[in-house]
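Chains Z and F are the protein sequences, given in the same order.
The opening position of the first sequence corresponds to residue 1 in this note's numbering, with each subsequent residue numbered one higher.
The opening position of the second sequence corresponds to residue 1 in this note's numbering, with each subsequent residue numbered one higher.
Incorrect hints may appear among the rest.
[What the hints assert, rightly or not] Think about it this way: if two alpha-carbon atoms lie no more than 25 Å apart in a straight line, the pair counts; the simulated SDA-like pairs of lysine to any residue are:
id : chain 1 : residue 1 : chain 2 : residue 2
1  : F       : K347      : Z       : P39
2  : Z       : K124      : F       : T129
3  : Z       : K41       : F       : A110
4  : F       : K346      : Z       : T37
5  : F       : K346      : Z       : S110
6  : Z       : K124      : F       : K347
What the hints contain is simulated information worked out from the structure, not anything from laboratory work.
Each chain, written out:
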Amino acid sequence: MRGNPRRLAGLVVAAGLFLCVTAAWAHHAFTAEFDSTQPIKLRGTVTKMEWINPHAWIHVDVKGDDGKVTNWMVECGTPNTLLRRGFTRDTVTPGMEIVVDGYRAKDGSSRANGRDVTFPDGRKLFLGSPGTGAPEDKPSPGGNEK
Amino acid sequence: MTKKTRSMMRKWARVAVPSVLLLGAAVVWLSPARAQTPSAAKAKTSSATAVQTSRTPQGQPDLDGVWSIAFLTPLQRDPEFRDKQFFTPEEAAAYLKKRSQEVDVDRRSASAEVDTAEAYNQSWYDRGTKLGRNMRTSLVIDPPDGRIPPMTPEAKRRFENAHAYFAAHPADGPEDRNLGERCLNFSQEGPPMLPGGYNNNYQIVQTPNYVAILAEMGNKARIIPLDGRPHLPQSVSQWNGDSRGHWEGKTLVVDTTNVRFNDKSHFGVNYDGLTDQNFRLTERFTRTAADTITYQATVNDPTVYTKPWTIEIVMSKSEDPLFEYACHEGNYGMFGILSGARADEKKAAEKGHN
Numbered sequence: 001m002r003g004n005p006r007r008l009a010g011l012v013v014a015a016g017l018f019l020c021v022t023a024a025w026a027h028h029a030f031t032a033e034f035d036s037t038q039p040i041k042l043r044g045t046v047t048k049m050e051w052i053n054p055h056a057w058i059h060v061d062v063k064g065d066d067g068k069v070t071n072w073m074v075e076c077g078t079p080n081t082l083l084r085r086g087f088t089r090d091t092v093t094p095g096m097e098i099v100v101d102g103y104r105a106k107d108g109s110s111r112a113n114g115r116d117v118t119f120p121d122g123r124k125l126f127l128g129s130p131g132t133g134a135p136e137d138k139p140s141p142g143g144n145e146k
Numbered sequence: 001m002t003k004k005t006r007s008m009m010r011k012w013a014r015v016a017v018p019s020v021l022l023l024g025a026a027v028v029w030l031s032p033a034r035a036q037t038p039s040a041a042k043a044k045t046s047s048a049t050a051v052q053t054s055r056t057p058q059g060q061p062d063l064d065g066v067w068s069i070a071f072l073t074p075l076q077r078d079p080e081f082r083d084k085q086f087f088t089p090e091e092a093a094a095y096l097k098k099r100s101q102e103v104d105v106d107r108r109s110a111s112a113e114v115d116t117a118e119a120y121n122q123s124w125y126d127r128g129t130k131l132g133r134n135m136r137t138s139l140v141i142d143p144p145d146g147r148i149p150p151m152t153p154e155a156k157r158r159f160e161n162a163h164a165y166f167a168a169h170p171a172d173g174p175e176d177r178n179l180g181e182r183c184l185n186f187s188q189e190g191p192p193m194l195p196g197g198y199n200n201n202y203q204i205v206q207t208p209n210y211v212a213i214l215a216e217m218g219n220k221a222r223i224i225p226l227d228g229r230p231h232l233p234q235s236v237s238q239w240n241g242d243s244r245g246h247w248e249g250k251t252l253v254v255d256t257t258n259v260r261f262n263d264k265s266h267f268g269v270n271y272d273g274l275t276d277q278n279f280r281l282t283e284r285f286t287r288t289a290a291d292t293i294t295y296q297a298t299v300n301d302p303t304v305y306t307k308p309w310t311i312e313i314v315m316s317k318s319e320d321p322l323f324e325y326a327c328h329e330g331n332y333g334m335f336g337i338l339s340g341a342r343a344d345e346k347k348a349a350e351k352g353h354n
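When you get a sec, could you build the whole thing from the sequences and use the hints?
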């Protein structure tokens, strides 16, 4: 069956999420807020970035097929993780062109989650290896305790 | 046998016997079957004799600083490992690769629902890039199978009732949502303190009579008096419970009771969100290296869990500051959850009328 490895990966991720129940339930919020049956792809110009907690929001002007411009709000993660890696609110500036692959808000408003946010050339918006917020694992002076 | 042969044999024996003994010892030492009992492992981490512990001006072991628990050791042990408590270096490398892929949400799921729940790009998450330095196969170290014990039949019934209520009332109001979504409490705070998707950092501040633990996730400080005062009365409960600490040698022992129990906050504080007035937590903080605090926590709630259970997490010293997680300020998500539920209801009602 085509797509089998992806399905397996999905099952593995789902199992992993189940094993980390608290984290999974916290992001259950996203399925409550956004409609998994309404995937959406947006391409537009950043008008502002709300560098706030618990989730940052990117505001994007998107021109529809009819030429009408709609301002979309795109929900992201906590700025804290990016701050630790040297990104700031100024990393995303008004005028920047971005592509958002996400899911529409259930209530029909112009909101989506930024499931995958990239530059038009496909590079992820906040480049850098994942999880580098953790401190380096230096050996302790007394030797590594097992 | 000639004298020369006997002498050669003796020489050979002098080399061979110790070599065989050494080889045998090495085989045993390197064997994957080498396991430690939980109590032996506990004793090992809490004795902390090998390292000079730095001290505060008052002579207490120094826990001060910023500490990270962003490591990929899972809470519960993968069933394939059974009673195996520690990885060999090779097993750890293989398991780390597997875990890293599991948690990497840029590898998107074929299921739209799972994909939506994964929320955003991997760059926003901070679960860590390594396994815990103690090389354990799980955070749970007791029971020996590394799994949280089953719930009691009564607790299971309460949990199922809570689930049934949640299915019928996913979002009548904010009180129906879990404590994290309400910005009230997160797994990182607990207690027990457990890693989550990000903000897996703490600042510990000590004075002669208090230890304060500020969790980056939740931006709340747990204030732990050391002066031996009694717990709050049973009638008073708090989101993070009521903690009392004292020193046992080099280990800070913290006793927590009076955790707030709410039938609706079923995905709240602890692993399954289910705690009640019988919940009692014992935590142990030991500075086991210049850059390490070994944290152990035992959950005791006999009306909920059939047995007590214990976790161990290696906290790693960080040179970074904490960043403020002002969750209440920008919680647009809660609006979205509630309006999403209203939209779902409207859709269902319209369908009903057709």
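Now for the hints, and whether the structure bears them out:
| no. | hint | result |
| --- | --- | --- |
| 1 | F:K347 to Z:P39 | holds, 18 Å |
| 2 | Z:K124 to F:T129 | holds, 19 Å |
| 3 | Z:K41 to F:A110 | holds, 17 Å |
| 4 | F:K346 to Z:T37 | holds, 17 Å |
| 5 | F:K346 to Z:S110 | holds, 18 Å |
| 6 | Z:K124 to F:K347 | violated, 35 Å |
Comparing the model with each numbered hint stated earlier shows that hint 6 is the single one that does not hold.
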